[in-house]
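S.K.: Based on the hints, put chain B in the right spot on chain A.
From first to last, the protein sequence lines stand for chains A and B. In this text, residue positions in the first sequence follow this note's numbering: the first is 10, and each later residue adds one. In this text, residue positions in the second sequence follow this note's numbering: the first is 56, and each later residue adds one.
Simulated from the structure, these hints should not be mistaken for laboratory data. Wrong hints could be hidden among the right ones.
One-sided excerpt, in silico: chain A residues whose CB lies under 8 Å from chain B [to be verified]:
#1 37
#2 70
#3 108
#4 136
#5 148
#6 150
#7 153
#8 289
#9 306
Idealized CB from N, CA, C, for every residue including glycine.
Each chain, written out:
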Amino acid sequence: MAAVTTTTTVRPTRRRPSIGRIVAWAVMAAILLITLLPFYWILRTALSTNTALAAHPGDPLPVGLTAGGFERALGLQSAKEAIAQGGAGGGLKFWRYLLNSVIVSTLITVCQIFFSAMAAFAFARLRWRGRDKVFGLFLAGLMVPAIFTLLPNFVLIKQLHLVDTLLGIALPTMFMTPFAVFFLRQFFMNVPREVEEAALLDGAGKVRIFFRVLLPMASTPVLTLGVLTYITSWNDYFWPLMVSYSDSSRVLTVALAIFRAQTPQTGYDWSGLMAATLIAALPMLVLFGFFARRIVSTISFTGIK
Amino acid sequence: MTIASSSPPSRLPLRGAEGAGTEQRTGRAKARENGGDGRLAAVFIAPALLGFTVFLLWPTLRGIYLSFTRFNLLTPAKWVGLDNYVRMVHDPIFWDSLKVTVEYVVINIGVQTVAALAIAVLLQRLTQSAVLRGIVLTPYLMSNVVAGVVWLWILDTQLGIGNQIIGALGFDHIPFLADEHWAIPTIALINVWRHVGYTTLLLFAGLMAIPDDMYEAARVDGASEWRMFWRITLPLLRPVLAVVLIMTVIGSFQVFDTVAVTTMGGPANATNVLQYYIYGAAFGRFQFGYASAMSVALLLVLSAITFLQYRLTRAGQSDLG
Chain A
10 MAAVTTTTTV RPTRRRPSIG RIVAWAVMAA ILLITLLPFY WILRTALSTN TALAAHPGDP
70 LPVGLTAGGF ERALGLQSAK EAIAQGGAGG GLKFWRYLLN SVIVSTLITV CQIFFSAMAA
130 FAFARLRWRG RDKVFGLFLA GLMVPAIFTL LPNFVLIKQL HLVDTLLGIA LPTMFMTPFA
190 VFFLRQFFMN VPREVEEAAL LDGAGKVRIF FRVLLPMAST PVLTLGVLTY ITSWNDYFWP
250 LMVSYSDSSR VLTVALAIFR AQTPQTGYDW SGLMAATLIA ALPMLVLFGF FARRIVSTIS
310 FTGIK
Chain B
56 MTIASSSPPS RLPLRGAEGA GTEQRTGRAK ARENGGDGRL AAVFIAPALL GFTVFLLWPT
116 LRGIYLSFTR FNLLTPAKWV GLDNYVRMVH DPIFWDSLKV TVEYVVINIG VQTVAALAIA
176 VLLQRLTQSA VLRGIVLTPY LMSNVVAGVV WLWILDTQLG IGNQIIGALG FDHIPFLADE
236 HWAIPTIALI NVWRHVGYTT LLLFAGLMAI PDDMYEAARV DGASEWRMFW RITLPLLRPV
296 LAVVLIMTVI GSFQVFDTVA VTTMGGPANA TNVLQYYIYG AAFGRFQFGY ASAMSVALLL
356 VLSAITFLQY RLTRAGQSDL G
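In isolation and in its complexed conformation, chain B is listed as follows:
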């Protein structure tokens, strides 16, 4: 839209009206000499703008629209107003899956953040070897499906090496993925295994921005590593930590793959996370309208969390300035 209307002549008067700094003005003058880049820009932006409009903007609007319809994919969508949302509010399985998802996110993000922070600090204070950082990242190269299948095997109640070790230590075998109470924590930890390396590297990037002489000065003052962590590392890492936290929480809420290959929502809906329930509604029962309504609910939850986290942790500010 914007591009089609940007034919060079019509922009000239506008140009004169705005702009203040001299540097900008010379830049603008130069652009005017060249006749502007409007046409060239249109060509350069076209593929990305097409993709953006067709596969991101339009689906987002359409997803919201579908949430107000009854739609089974075969016959045209029929407007039903708030029916899907009313149904959602009264659907105990929806609330249950939301609860399961939140439980998953709390365990997943809690453990992952602490672990990533610990590993990043260990890497920073012990060795900055790129090889070790590479090793820490390797599970991230696996798909969630691979990670799920591998841990399904390792944690198998009878034959899994995990349970073999537990047995050898004299404990009873644990049905990690077959037990209602164990399943969600287990899935959360499997995903910690796959993602913790990436989070570690992001935090490590933040740690590298903390000047070394701060640690040197603290050491001269006789501060212990423990004290330095609480007094230097953590306060200065806070902005990075906040951004990483927002990112990982959003990712965590979308958990689907691992559930799909390990427990398939079971046992007894114990791992029926929201995204799995949405998928079942859409592709199992062809209720695309209802599935869209739940997606909108998830979108709202994520937006609210992002906003809250941003406010609470003052993500935009840095103490390093």
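Only chain A is shown next, with the shape it has when bound in the complex:
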């Protein structure tokens, strides 16, 4: 933040806009347009009827304004109604999937960050034999692409009889990721020793120091990491696709892909599909809306990966 204000004042060369600057701004505007237009197109399509979409494919505004797409995505329409409006008539209950996604992402985020913070504290601030070796092992874990562990993890989850449960989806990433431990350890290492020593003098134990001093001090990195973890687990598709088979454990990404695959004979139910897309995407947009400034500045000033 500080860097932003200083650099804008330092830059004195705001002479007449050169041609280069105008071109650069035009390029920037085009980039923003390509970035944002698909979002508008989701909304525009979701509010249109399928028949009107086919007749006016290029109309910039919603055509045949309707909430039918949303009703279909949320399972509020009867099969007959749905088919009449160009839907598949298969029962998809996005409320249920929304709830599943919230449960899974919350479980993963809260547990992963908490356990990772505990481990990071042990690596950064406690003395124990083998610490550096164990940490080296964790670092090596960073090198294993997540995708490599998916197949064996599926076999494990199956042996644990957790296939098709929300816990089965959450479990592998619930305890830690090497990155979270690494990132938080880095933060704890940078907290001045004096802070800890002052608390020690006051008679606080190490446990107390972790919960009452270090954890509150780490609220900004923890929050950033938390929001990014939430977004990552919300958007995960491959792993939940392997583990969930029925509505009881189906999350939004998987449901959306199933919706897309249920192509009715007449063609895609674009209106319903875009409504479902919006339902899947909106919570993350809202979440980001709350924390955008903090996340953006954390990523762009520390290069969190």
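M.R.: Frame of chain A, contents of chain B only:
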């Protein structure tokens, strides 16, 4: 393992033997007074170590083991030695999917890196508005599935707005995702759309580390923005660029979601990327052993690339020092 053996008394002699600096020594002395943190550390590290061992270390070893077995999930895995690897080497579809994957990665990473660099530099030189950086990041908030479905619609041959615009400009509609030649570049660009903002912010972080007075000095010398980019920005960004490149290439090789929701490997295996083929082998044909062997191959390819990139770009060094 390490933790169970770290009971305080046994560590004391070891402690005395190592350590040099005075600061360390006082720290150690203090730890000795407190009786060390062994037990507390065990409690604090336990959940993460459990997760690490059970869901990362063990699966990694098991994945390698399974690659030497025949395993259909229902009956116990049967050791078959190198059979899966022999089969893999002779499997034309495997080689084809590897080729398709590499083609995808080259387009995806090529376009994404150039675009991210351009956007990051534009942001750095034009405005450092956090709002714009936030907007650039928004597609990253979508899942690959959402991005895939949205662009499937936008690029639909008949009704998609993309093709409507192409038609209005007087060109023929392009079957982006239904054509063998267009499908991979299209998927690669869809994923550029979703990921470029994140890469941009990582590069932007690197740009912020370049001191402003370097640009000021160059300007005094009459250097153009173009020249400054090549002489200041790019050389000083190189270490960050290298790390970001390694990260994004590794991510790019794992492409699956977008293929699964747009083309499902088609048309005619044109988008049958490696991860999609692996998934099909495991969950379509229940050949977990063969799927594991291909995963190991992918792991080796990724390790080799990481190593090579690291060496070639001297990722560890910084000119800013």
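S.K.: Among the hints numbered above, which are violated by the structure, and what are their numbers in rising order?
M.R.: Per hint list: 2, 3 and 5 violated.
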